[in-house]
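*Asks:* Given the coordinates of chain A, work out where chain B should sit on it, guided by the hints.
2 protein chains.
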Amino acid sequence: MKPLILITNDDGIEARGIHSLVEAVQHLGDVVVMAPDGPRSAQSSAITMNTPLRIWKHFEKDGLKMFRCNGTPTDCVKIAVYNILERKPDIILAGINHGDNTSISVIYSGTMGAVLEGCIEGIPSVGFSLCTHDPRADFSEAMKYASIITEKVLREGLPKDVCLNVNFPVGVKLKGFKVVRQANARWQERYVVREDPNNNTYYWLTGELHNNEPEAEDTDEYVVRNGYASVVPCHVDMTHYATVQQLKSWDYEETE
Amino acid sequence: MKPLILITNDDGIEARGIHSLVEAVQHLGDVVVMAPDGPRSAQSSAITMNTPLRIWKHFEKDGLKMFRCNGTPTDCVKIAVYNILERKPDIILAGINHGDNTSISVIYSGTMGAVLEGCIEGIPSVGFSLCTHDPRADFSEAMKYASIITEKVLREGLPKDVCLNVNFPVGVKLKGFKVVRQANARWQERYVVREDPNNNTYYWLTGELHNNEPEAEDTDEYVVRNGYASVVPCHVDMTHYATVQQLKSWDYEETE
Numbered sequence: 009m010k011p012l013i014l015i016t017n018d019d020g021i022e023a024r025g026i027h028s029l030v031e032a033v034q035h036l037g038d039v040v041v042m043a044p045d046g047p048r049s050a051q052s053s054a055i056t057m058n059t060p061l062r063i064w065k066h067f068e069k070d071g072l073k074m075f076r077c078n079g080t081p082t083d084c085v086k087i088a089v090y091n092i093l094e095r096k097p098d099i100i101l102a103g104i105n106h107g108d109n110t111s112i113s114v115i116y117s118g119t120m121g122a123v124l125e126g127c128i129e130g131i132p133s134v135g136f137s138l139c140t141h142d143p144r145a146d147f148s149e150a151m152k153y154a155s156i157i158t159e160k161v162l163r164e165g166l167p168k169d170v171c172l173n174v175n176f177p178v179g180v181k182l183k184g185f186k187v188v189r190q191a192n193a194r195w196q197e198r199y200v201v202r203e204d205p206n207n208n209t210y211y212w213l214t215g216e217l218h219n220n221e222p223e224a225e226d227t228d229e230y231v232v233r234n235g236y237a238s239v240v241p242c243h244v245d246m247t248h249y250a251t252v253q254q255l256k257s258w259d260y261e262e263t264e
Numbered sequence: 009m010k011p012l013i014l015i016t017n018d019d020g021i022e023a024r025g026i027h028s029l030v031e032a033v034q035h036l037g038d039v040v041v042m043a044p045d046g047p048r049s050a051q052s053s054a055i056t057m058n059t060p061l062r063i064w065k066h067f068e069k070d071g072l073k074m075f076r077c078n079g080t081p082t083d084c085v086k087i088a089v090y091n092i093l094e095r096k097p098d099i100i101l102a103g104i105n106h107g108d109n110t111s112i113s114v115i116y117s118g119t120m121g122a123v124l125e126g127c128i129e130g131i132p133s134v135g136f137s138l139c140t141h142d143p144r145a146d147f148s149e150a151m152k153y154a155s156i157i158t159e160k161v162l163r164e165g166l167p168k169d170v171c172l173n174v175n176f177p178v179g180v181k182l183k184g185f186k187v188v189r190q191a192n193a194r195w196q197e198r199y200v201v202r203e204d205p206n207n208n209t210y211y212w213l214t215g216e217l218h219n220n221e222p223e224a225e226d227t228d229e230y231v232v233r234n235g236y237a238s239v240v241p242c243h244v245d246m247t248h249y250a251t252v253q254q255l256k257s258w259d260y261e262e263t264e
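So the sequence lines, in the order shown, correspond to chains A and B. Letter 213 of the first sequence, counting from 1, is numbered 221 in this note's numbering, and no numbers are missing. Letter 211 of the second sequence, counting from 1, is numbered 219 in this note's numbering, and no numbers are missing.
One chain only, chain A, in its complex shape (with noise of 0.2 Å):
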């Protein structure tokens, strides 16, 4: 039996990114697509509670399943694992992104979100972005790598309860990919302030990606802005295993 590989993405099912995805890894398995019927950039992990999911089948040929649903990346990996596959898919993949999803990203980032639920699930899952948000930008080498680690990771797994966050550099030829760990960094944002036509104030997020640490060749920022594939290892413990030692002498016991 082939691998069955599910895939969704963050940016929706008509963005390039995932049909980029589909086309790379087709001859590797059967794909199913669970995408979202539009952008769902940034959403992170969020699951959607107040609205019913709904799901429809976009497409059907040469044994390419998509289906598109209201939800989010998460609710998409959701949904398809519980109702749409017939077995429990053998990878799920998340992308190709449009835009960078290093560092600090990995929090706010509906791929990862997906990838996390992915892993949750006990399924290998990785995420694939391309850093750039240029609509015509060139998908082919990110395309030849995500094929390489899919392959990869169908072959020899991946460790209990860790997926992986793949990034690829934009306009060069890449050199290869390295595995590292997750740059310190941060988005430096503000809010551009505006009027609508009533005089009521809305107000648009703006910002970059500021590196706490550029000279550290061991994270992904370092890597993507060297010519190389960044491979992040990540899991769902948000635990600061330190600062609970640290901090054991705060217990505090209530005295009759």
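Don't read these hints as lab results, they were simulated from the structure. Any given hint could be a false lead.
What the hints assert, rightly or not - Across the chosen pairs, the derived CB separations fall in these ranges: (1) R24(A) / D70(B): 54 to 60 Å; (2) S148(B) / R202(A): 43 to 49 Å; (3) Q34(B) / G130(A): 43 to 49 Å; (4) R202(A) / E216(B): 56 to 62 Å; (5) R95(A) / K10(B): 57 to 63 Å; (6) L93(B) / K181(A): 44 to 50 Å.
Remember, predicted model here, so these are calculated numbers, not experimental data. Just so you know, even glycine gets a beta-carbon here, dropped at the ideal spot from N, CA and C.
*Replies:* Chain B in isolation, oriented as in the chain A frame:
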């Protein structure tokens, strides 16, 4: 100058939990509230990208300022810090959430999304959750401990890049609190499938938490089931470091 305390939540500005939290900590400083205009549960670290944000002054009395906005909990923190507050807050608090945010729920929680955002901004941040969705629940023990913990954090600070996830059991007099780690658990879920009056299918997510390590005494799930509040130090570095080492052999270089 009194400490400046920013409070938000994910249940919306009308929720009992946020008013309980204001009441619990108001004696510790100047309180400003920026909360969503309605429920934003399970919004994780989602950011509003495709709709402009709007802010309304909700209430001002006796020095307490309350604002509401149409965004997520993460948006609330960003816009309060960047555009509303006259100085950097000394602490950011989220809650008191109606419902557990122990173990894996930290990934989905809008409450913890706000707290992680505060942490990224370099501000000591704490999320408080009461382990029940009963709207008539007794918040008095949670309020007492929210005050104790907030005072402690204001006095002693938190380690850099670390925030706290605090959960309160319900219906018991608390024995105290314990600093612990996030339990390894997951939601076991399914979709309830229904038909609308037009014969179209829709799906509601439902499920319960499954704890993979119910006997582990050093976890949040264990201590809240045993009469203590749990305090889990969290951070935003999702890297699984052991796997970075393990997968270093995957590094791949193009050859000429």
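*Asks:* Each hint needs a verdict: does it hold in this structure or not?
*Replies:* The hints, checked one at a time:
Between R24(A) and D70(B) the C-beta distance comes to about 55 Å, which sits within the given range of 54 to 60 Å. Separated by about 44 Å at the C-beta atoms, S148(B) and R202(A) satisfy the suggested range of 43 to 49 Å. For the pair Q34(B) and G130(A), the supplied restraint of 43 to 49 Å holds, since their beta-carbon distance comes to about 45 Å. Here the CB-CB span from R202(A) to E216(B) is close to 45 Å, at odds with the stated 56 to 62 Å.
Against the hinted window of 57 to 63 Å, the Cβ-Cβ separation of R95(A) and K10(B) comes to about 60 Å, which satisfies the hint. For L93(B) and K181(A), the hinted distance range of 44 to 50 Å is satisfied, since their beta carbons lie about 47 Å from each other.
The structure is inconsistent with hint 4 alone, although it conforms to all the rest.
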